[in-house]
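Chemist: Sequence:
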Amino acid sequence: MRDVEVADAAARAAAAALVELRAGGLTGGALGDAGDAAAQVAITAVLARHRPDDVVFSEEAADDRSRLGAGRVWIVDPLDGTREYGETDRSDFAVHVALWASGRLSAAAVALPAVGEVLLTDPAPPPPAAAARRPRIAVSRTRPPAQAAAAARAVGGELVPLGSAGWKTTAVVRGEVDAYVHAGGMYQWDSAAPVAVAQAAGLTALRLDGSPLRYNEPDPSLPDLLVCRPELAADLLAAVR
Numbered sequence: 002m003r004d005v006e007v008a009d010a011a012a013r014a015a016a017a018a019l020v021e022l023r024a025g026g027l028t029g030g031a032l033g034d035a036g037d038a039a040a041q042v043a044i045t046a047v048l049a050r051h052r053p054d055d056v057v058f059s060e061e062a063a064d065d066r067s068r069l070g071a072g073r074v075w076i077v078d079p080l081d082g083t084r085e086y087g088e089t090d091r092s093d094f095a096v097h098v099a100l101w102a103s104g105r106l107s108a109a110a111v112a113l114p115a116v117g118e119v120l121l122t123d124p125a126p127p128p129p130a131a132a133a134r135r136p137r138i139a140v141s142r143t144r145p146p147a148q149a150a151a152a153a154r155a156v157g158g159e160l161v162p163l164g165s166a167g168w169k170t171t172a173v174v175r176g177e178v179d180a181y182v183h184a185g186g187m188y189q190w191d192s193a194a195p196v197a198v199a200q201a202a203g204l205t206a207l208r209l210d211g212s213p214l215r216y217n218e219p220d221p222s223l224p225d226l227l228v229c230r231p232e233l234a235a236d237l238l239a240a241v242r
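Per my numbering, the sequence shown runs over residues 2 to 242.
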């Protein structure tokens, strides 16, 4: 199996576990906790079977610091949007599986379990078509940053509150929104797989200061993010810096 096929298999296994668990009657925090655990088991089982010598860097496991000297590291968020997953009428949660190899994100899958979709780096999603409307900027539905409001003013856009980071990033990939602005806290596993897919689709993905997003760094924190259509990047970066 190619690396992207392993990522796909792992993301689909976690998505299937999450869909099955969500139908079992749990809700709220109990469902979220169970989902985190079940998705972690599903992903690690696939990776152990197909890439047993690789390191796994996951939100739901202790940080194996051997990753810092490893050539291949899977960066995983088994359930991105635990809060949304626990609210059984919501669909805006995701599964992230990315491979960092030779200093870069080289393969990734993002599963959207509630809609039965998986986005991959290969084949990459087609670039989203420009829409004849005001630019739409995805933001956190619980803690939208001030930078997002500045970004919206800069391009005459509107803010669109959504759930998980993976869902917001793939909303840009899918053409439902035109940008995603985040500030105020995030970790490498929150963005690795979605960013890899977005970049494969021809979108811009950067830190809010315009610097590159770097993964498998010693500090797991990667606190801010801009994903957008390329033609909006200069105006949005000027507004959020």
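Hints were generated in silico from the structure; no laboratory data involved. Keep in mind that the hints are not guaranteed to be accurate.
Here are the in silico distance ranges between beta carbons for each label pair [unchecked claim]:
no.: 1; residue 1: 147; residue 2: 38; range: 33 to 39 angstroms
no.: 2; residue 1: 239; residue 2: 38; range: 39 to 45 angstroms
no.: 3; residue 1: 222; residue 2: 20; range: 26 to 32 angstroms
no.: 4; residue 1: 25; residue 2: 162; range: 15 to 21 angstroms
no.: 5; residue 1: 103; residue 2: 2; range: 26 to 32 angstroms
no.: 6; residue 1: 54; residue 2: 211; range: 23 to 29 angstroms
In this text, a Cβ means the ideal position worked out from N, Cα and C, and glycines have one as well.
Chemist: Between residue 25 and residue 162, is the Cβ distance one that fits in 15 to 21 angstroms?
Modeler: This hint is violated: roughly 28 angstroms between Cβ atoms.
Chemist: Kindly confirm whether 26 to 32 angstroms is satisfied by the beta carbon distance between residue 103 and residue 2.
Modeler: violated, 19 angstroms
Chemist: Is 33 to 39 angstroms right for how far apart the beta carbons of residue 147 and residue 38 are?
Modeler: holds, 35 angstroms
Chemist: In this structure, is the beta-carbon distance linking residue 54 and residue 211 contained in 23 to 29 angstroms?
Modeler: violated, 36 angstroms
Chemist: Per the hint of 26 to 32 angstroms, is the separation of the Cβ atoms of residue 222 and residue 20 within bounds?
Modeler: Since the Cβ atoms of residue 222 and residue 20 sit about 31 angstroms apart, the hinted range of 26 to 32 angstroms holds.
Chemist: The hint says 39 to 45 angstroms between residue 239 and residue 38; measuring C-beta to C-beta, is that right?
Modeler: Given a distance of about 43 angstroms, which is inside 39 to 45 angstroms, the answer is holds.
This entry does not satisfy hints 4, 5 and 6, going by the numbered hints stated previously.
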